[in-house]
Every structure is written in structure tokens, then in C-alpha cells.
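Single-letter residue listing:
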Amino acid sequence: MARRVAVVGTGQTPYKTRRRDVSVPELVHEAAGAALSDAQLTIRDIDAVVFGTAPEAFEGVNSPDKWAADAVGALNKPFMRIHTGGATGGSAAQAGVHHIASGLFDVVMVVAMQRVGQTPEAQRILGLIWDPIFAAGFSLNLITTVAMATSINMQKTGLTEEHMARISMKDHLNALNNPYAHVRKAVTVEDVLKSFPLVKPIKLLDCCPSSDGACAIIFASETRARKITPKPAWVIGMGGSTSVTTPGEENDEATLGRLAAKNAYRMAGIDRPRRQIDVVEPYDPFSITEIGYYESLGFCDSPAEALRMVERGFGEMTGEVPFSPSGGVLCSNPIGATALVRVAEAAMQVTGNAGAHQVPDAKVALAMGAGGSPAPGSATFMTAMVLSSQSR
Amino acid sequence: MAQRADLLEIPGTWDLPWTYAAGEVGSRYIEELRDNARMMATKCPGCGRVLLPPKSFCERCFVSLKGHWVELEPSGTLEAFAIVTIPFPEQREPPYVVGYFKIGNASTNILHFLEGVDLSDPDKAREKLHIGMPVKVIFKEKREGRMTDFYIVPAEE
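Chain order of the listed sequences is A and B. In terms of the numbering used here, the first sequence has 208 at position 208, counting the first letter as 1, and numbering is strictly consecutive. Count along the second sequence from 1, then add 392; that gives the number in the numbering used here.
I should point out that these hints are in silico values taken from the structure, not numbers from a laboratory. Built from N, CA and C at the ideal position, the CB exists for glycine as well. Treat each hint with caution, since some may be false.
Claimed, not checked - List of simulated lysine-lysine pairs, DSSO-like, C-alpha gap at most 27 Å: (1) A:156 / B:516; (2) A:156 / B:528; (3) A:156 / B:534; (4) B:520 / A:194.
To be verified - A short list of chain B residues far from chain A (calculated; beta carbon distances all over 10 Å): (5) 426; (6) 429; (7) 440; (8) 442; (9) 460; (10) 461; (11) 471; (12) 520; (13) 532; (14) 535.
Put together the whole structure using the sequences plus the hints.
See the structure below:
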């Protein structure tokens with residue numbers, strides 16, 4: 001990178017089904033305020049603001065960026081909105097890093113939000129994201145797209161519903177240690193297997209909740225970061241990629257994750273991720289997603305090995321490389337904010353500030369973001385960011 | 393801090409019509425379905441990939457595919473599927489099978505329903521369906537210029 005960039009503060013709201021006590025501006029203001037107080041800065045220290053939110057139909061106001069701009073401290077400052085679906089927070093974080101790495105700004109606040117709970121029609125809204133010429137009218141929704149991708153994995157790799165249930169159990173247990181998590185309830189493999197079947201093999205407890213919430217991160221240049229905090233979380237690598245293939249085509253989502261991670265790893269000097277990465281915050285709204293990441297992010301070489309890793313508890317808190325110590329996307333999903341939460345959690349881990357869900361001695365963390373959905377006329381976006389306690 | 397349980401909520405709805413331009417390539421594809429019961433795709437002169445649904449450009453070679461039409465055999469394979477047994481708002485009445493299909497020698501998948509599958513026992517149907525199974529395209533008698541002018545059924549039946 002042209003200039004070193006670090007996270008110097010993070011702020012999150014609790015994730016809930018519905019925040020009736022705050023309007024949209026008040027919700028994002030809460031996250032921005034929390035990040036400022038974490039960094040011990042005031043809004044006058046912020047040079048520019050990046051705002052992220054995904055489909056505005058969730059908020060029911062077109063371009064909610066103008067609704068929220070003053071509440072995230074953009075008054076008299078450069079401001080932009082980023083939207084790459086579920087990857088929004090990851091893309092927004094990268095835009096914030098670009099601002100500083102370019103030399104144009106020294107301290108930038110990135111705030112991302114969604115409130116899915118203001119409409120009872122979240123699934124209907126997600127049914128409106130498809131190409132209206134070639135893909136509309138086939139009752140596609142995100143649960144069916146994941147069920148379809150899973151149908152391939154089950155036939156070709158030996159994936160079972162138990163594998164997915166084990167991931168869900170892990171994330172739910174982890175969420176118990178995260179005060180911000182939306183779903184905080186221990187579940188067993190049996191509970192997951194017996195949970196309500198949505199679109200088989202996807203069951204209720206294989207899926208994330210719909211959450212209201214916001215997250216904010218303050219990034220700073222090296223000179224400023226060292227003055228702001230004794231423990232900056234350095235951004236040592238980042239990457240992104242875009243795909244337009246559907247499950248079963250070559251160059252599918254696994255390749256997409258691989259490409260995003262490859263760029264981030266190259267920048268971070270990571271060639272053996274399994275040894276060099278201590279903790280991962282994947283973008284996993286469904287239990288199946290984490291299993292795919294084991295291979296695509298380079299933690300193993302084949303889908304079969306990924307399944308053995310699930311059986312060994314590779315990604316559990318006591319496993320080799322903990323995945324989703326926060327409880328992950330599976331337990332909190334304020335869509336536009338979700339990928340930014342991954343970055344915030346990664347920063348908290350490498351600075352030792354993750355509280356009850358701290359991975360001991362975590363020094364290098366990987367945060368993923370994924371957005372869009374695979375269908376004809378649609379794209380999928382993926383972001384990766386590597387954070388470290390040491391600058392590079 | 394205790395929160396008031398009676399905080400106000402202001403109701404609102406969006407109710408907006410659109411007409412989506414299908415473009416030259418989209419129009420020709422749909423007209424061929426409707427008027428000639430033919431499955432047409434575009435083929436990239438650069439990479440040789442056959443795109444279905446057809447596009448007016450190749451996203452890899454970044455060249456125009458306008459005029460680069462090929463006709464596909466109305467048969468193919470099931471590439472991924474889901475059997476839907478619960479209702480989703482404003483979507484088809486369950487049960488139904490939605491899937492990705494490779495038609496003719498297309499390099500890409502289309503999204504469609506798989507009809508003609510006995511879904512009286514969804515678990516049994518799920519065991520019967522498999523990735524790679526042959527399917528065929530059946531054009532409807534009455535066609536109205538939509539992707540649903542044809543449907544897809546297992547070829548083994």
C-alpha cells in the first residue's frame with residue numbers, strides 16, 4: 001500500500017430483530033459515537049466519511065445515505081455511499097482504506113447499517129433483486145439459491161446435514177460470548193437437524209436472522225494511528241473479486257473467494273494461511289458457507305478435507321483456526337453492516353479487545369465479505385481484508 | 393435505561409410500476425421463443441463460450457456479441473436444484489422444483505422450474521433427482537413472449 005493504514009476504533013450497536021427506540025439516523029449515530037469514543041476522538045478529528053447500506057427497500061426510503069449523512073458526522077466533509085449487497089461493509093472498509101492509503105486523508109470513519117426489521121417483507125424484497133428479463137418469475141430467493149448450491153455439494157463432496165449442523169452449533173455457542181450478537185441461544189447438532197425445514201437441506205437453524213444494526217470503524221494513517229492508540233490494528237492486505245457464474249459453472253463462488261483472498265494474502269505476505277492466520281471472521285449467513293471457505297481461503301486443498309476439518313472442529317474456539325468467534329453472520333445479520341462487523345471483529349481480535357470471545361494470542365485475522373447472489377443476470381461480490389497487530 | 397413501549401411508528405408502502413427494456417438481444421431471444429419455438433443463444437467469437445441467457449457482450453473478452461447467434465438443441469442437464477415445499481410471499485405455490493440448467497451446448501446456466509416430477513413425497517423426489525440428469529425443453533402451445541414460454545422436464549420420463 002502507498003501508505004500504511006490501521007483501525008484505531010470500532011463501534012457496534014447491539015443487533016436485534018427491531019430497534020423501535022431509534023430512527024435510521026439515530027441508529028447509525030449510535031455506532032459512529034461508539035467508534036469515536038473507542039478511539040477517544042471527536043467528530044472534528046474525522047476528515048471524510050464513507051457510508052454503507054445495501055438494498056434501500058429494507059429501510060423503505062430511497063437513498064438512505066441522505067437521511068443518515070449528518071448522523072454519521074459528514075457535515076462539511078467529503079461523503080460517499082457504498083453498496084455491494086452483503087459485501088457493502090467490506091467494500092466500504094476498503095474505500096476508507098483507499099482514502100488514507102492514497103494520501104488524501106488521514107482519519108476516515110466508515111459507518112454501515114441495515115434495518116431489516118422495519119418491513120415484514122424482507123424475503124419479498126430479496127425476491128426483487130433478480131434480472132427482470134431472464135431470472136424473474138422463478139420464485140428465486142436467497143434460501144433457494146443456497147439450497148441449490150448445497151445440492152451440488154451434497155452430491156459431489158459427501159457433505160451431510162450433520163456437517164452444517166456442527167457449524168451452526170459452534171456459531172451459536174460463540175454468540176453467547178458476544179454481547180452484541182442477535183441470536184444468543186445454545187443449540188445442539190440435534191436441535192439444528194430438527195429445526196424447521198425451509199428449503200431442504202436448509203433448515204431454520206442453518207440460516208442467519210434478519211437484524212437491525214450498525215457498525216462503525218475509524219481508520220487512520222500510520223502517523224496519526226500511532227498517536228491515537230498504543231494498539232492499532234494494521235490493514236496488511238486486502239482484495240476483492242466479482243463473479244457472474246451460477247453454481248455448477250466453472251469459475252463459481254469458490255473461485256471467487258480464492259481470488260479475493262489471493263490478492264489480500266499476496267499483499268499481506270501470507271503463503272501458508274493455516275499457519276499464518278490466527279482467526280477468521282467469514283461472511284457466512286448460512287452454515288454451509290463456512291465449509292466452502294476452508295478450501296477457497298486456502299486452509300485445505302479439497303472439499304473432502306474441508307469436511308474432515310468440520311468433523312475435527314477445526315473452526316471451533318478450541319480448534320486450529322477459530323472461525324466466527326463472535327457468533328458470526330449466522331447469529332447477527334444487519335446486511336449492509338455485516339461485512340464491516342467482520343472487519344471490526346478482526347480488528348478487536350488482533351488488538352486483544354474481543355472480550356469474552358477473544359481468541360488467545362490472536363495476531364493476524366482475516367475478515368471476509370460477500371454480496372450479491374448467483375443467478376443469470378446477477379453478480380456476486382467478495383471482499384477480503386487481513387488485519388494484524390504488527391505493521392508490515 | 394427503560395424504554396417506552398409506546399414509541400411511534402409511521403406506516404409507509406412502495407407501490408411502483410416499471411417496464412424493463414429487454415434490449416435488442418433480449419428481444420430477439422424472446423421473440424424466437426414466442427414465434428418460432430427456438431432456443432437461441434449468443435456465441436463469443438473470442439473465447440467460444442455459448443451464452444444462455446444470451447448477452448450482447450462477452451464479459452470475459454469484452455467484445456460485442458450482437459449478431460453472433462446460434463440455435464441450441466432443446467435438451468440439456470440439471471446442474472443444481474431445490475425442492476421448495478413452503479410458501480414464500482408472492483412466489484409460486486409449493487411444492488415445486490427450481491433449478492439451474494445447461495441447455496444444448498451452452499456454457500452457462502439458465503434458471504427455471506423443473507416440471508413433471510412427482511412431489512407427493514418431496515424426500516423421495518429429492519433422492520431421485522441428481523445433478524447431471526438429462527432434461528428436455530418443452531415449448532408451450534400458447535406463448536406470450538416470456539422466459540416461461542417453455543418449461544423443462546426430466547428427459548428420462
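Checked hints:
1. Straight-line distance between C-alpha atoms of residue 156 (chain A) and residue 516 (chain B) comes to about 19 Å, which keeps the hinted pair within the 27 Å bound.
2. About 23 Å separates the Cα atoms of residue 156 (chain A) and residue 528 (chain B), which keeps this hinted pair within 27 Å; it holds.
3. Restraint check: the Cα-Cα separation between residue 156 (chain A) and residue 534 (chain B) comes to about 39 Å, which exceeds 27 Å; the hinted pair is violated.
4. Restraint check: the Cα-Cα separation between residue 520 (chain B) and residue 194 (chain A) comes to about 23 Å, which is no more than 27 Å; the hinted pair holds.
5. For residue 426 (chain B), the condition that its CB be more than 10 Å from all CB atoms of chain A holds, with the nearest at approximately 14 Å.
6. Against the 10 Å criterion, residue 429 (chain B) stays outside the reach of chain A, whose nearest CB is about 18 Å from its own CB.
7. Every Cβ of chain A is farther than 10 Å from the Cβ of residue 440 (chain B); the closest lies at roughly 13 Å, confirming the non-interface assignment.
8. Separation of residue 442 (chain B) from chain A is adequate, the least Cβ-Cβ distance of about 12 Å exceeding the 10 Å criterion.
9. In this structure residue 460 (chain B) is separated from chain A by more than 10 Å, as the shortest Cβ-Cβ distance comes to about 18 Å.
10. Every CB of chain A lies more than 10 Å from the CB of residue 461 (chain B), the least distance being 16 Å, so the non-interface label holds.
11. A Cβ of chain A approaches the Cβ of residue 471 (chain B) within 10 Å, the least distance being about 3 Å, so the stated non-interface status is violated.
12. Even its closest Cβ contact with chain A, about 12 Å, leaves residue 520 (chain B) beyond 10 Å, as expected for a residue assigned away from the interface.
13. Look at residue 532 (chain B): its CB is around 14 Å from the nearest CB on chain A, clear of 10 Å, so calling it non-interface holds up.
14. Every beta carbon of chain A lies more than 10 Å from that of residue 535 (chain B), the smallest distance being close to 14 Å; the non-interface claim holds.
Consistency note: the structure conflicts with the earlier hints numbered 3, 11.
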